[in-house]
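Peer 1: The primary structure of each chain is shown beneath.
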Amino acid sequence: MNSPRSRGGWLITATVLLALVLTIVPLPSGLGAFRPEWIGLVLIYWSLALPNRVGVGVAWLTGIVQDVLQSTLLGAHALSLALTVFIIIQLHQRIRNLPIWQQALNVFAILLIARVSLLWIRGLGGSAEFDWQFWMPALVSAALWPIIFMLLRGLRRYYRVN
Amino acid sequence: MRFVLLVVASLALMMTDYRQGLLDPIRQTVSALAHPIRLVAELPSQFIETADQQLASRRQLMAENERLRNRQQVFQARLQRLDALEVENIRLRSLLDSSYDLEQPVLIAELVQVDLDPFSHVIEIDKGLGAGVEVGQAVIDASGVIGQVDHVAPFSSTIRLISDPGHATPVQVNRNGLRSVALGAGRTDVLNINSLPNNADIQIGDLVVTSGLGGRFPTGYPVGEVSAIKTNPGDSFSTIQIAPSGALGRIQEVLLIRHEPAPTPQAEAGDDE
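Protein chains in written order, with this note's numbering: chain A, 1341 to 1502; chain B, 11 to 283.
Just chain A, with the same shape it has in the complex (with noise of 0.2 angstroms):
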């Protein structure tokens, strides 16, 4: 993975960093169903622009890190996380050359999708709660991703990672 040729490391493992701590970050009660799935964000765009250098491995293991910090079933965030980017590298191809809405759409039902897996896990564990504000995190997201999408594209062209 880390060819002589790779550079930019950082600032990957920095965004990642970033959303982990936005995922955890104090908002006032009842904006909390509204937080972005920052990380899935974060991951769906590095495994877009460089599907050789962000895989399933490093999905895996930042959800590994979001499973500890949020105390939940370890695994379970590392699946869906590791399934978003599973998802997006098959389509990645396809997804790259779309407009920006329609990669908005694209992002919302992936991430449904992932939220889906982890409510069929809780299921599992005995405690899903479903509500109407299940997949608003994912709409939320969706709406953001132009956003993250031209500020990520911004920066990886500046520190030129690839």
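In short, the hints are calculated from the structure, not lab data.
We treat Cβ as the ideally placed atom computed from N, Cα and C, and that holds for glycine.
Check before you lean on any hint, since a few could be wrong.
Unchecked claim - Derived contacts from chain A toward chain B, CB cut-off under 8 angstroms, selection only: (1) Val-1365; (2) Ser-1411; (3) Gly-1463.
Claimed, not checked - Computed list of chain B residues with no C-beta within reach of chain A, every gap over 10 angstroms: (4) Asp-62; (5) Phe-85; (6) Leu-102; (7) Leu-106; (8) Gln-123; (9) Gly-140; (10) Asn-202; (11) Pro-207; (12) Val-236; (13) Lys-240; (14) Asp-245; (15) Phe-247; (16) Arg-268.
Take the given structure of chain A and dock chain B to it, following the hints.
Peer 2: Relative to the frame of chain A, chain B by itself:
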């Protein structure tokens, strides 16, 4: 191919983790490594808190000081009476040959201001292995039971609240000692008792305290007050709602009780997951 392997690995991890305790070393290591993330995430709320304290006027502080001093005096006075009652209680219990553990040592911990999994009711506190926190310790606040320690990491630990849908608290009605189990409902303002028959002697306003069965929670800490009793003539059990005494929704500081369970066969019986 790698994806399939990772899926299998996740499933294996989840199944192992579901049986609690086996993966604690991994969890603790990752948690210690990821601790800086937590510290950074806590910065905004700490900043707000500091600003709040800095900006509080001298007059406000003096007023608060006065108020707290008065309260302290009231409690001190009440405590004097309690001391006498406690001694009397011990004497009576020794006549009855039953043990009663008093004065459990407590550890004060502060809430780490991070948001955890929105689907389960867990909070993070700033004391961990280093301070001697153990899995299963009962956690209370100034007004009632909060929950129990779920995972312990080197610098922090997580607490599962009694309102978590997967948590059950062994309780009894303070008035008559009627025992039951209070289940979390996923809401911070209500717990449910589903296992009392329709003709059970329980009324709205009854204080519900921990029963001490199961060995996790020491006896006699307030859990909540009965707020509603829903009886459906078709069912043999009524649904009893309890309003928790502990401020589950706005926890600031908590007390961890070091509880040495009495060596009874019941001590192992309580599994609240």
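Peer 1: List in ascending order the numbers of the hints, as given earlier, that are violated by the structure.
Peer 2: Violated: hints 3 and 8.
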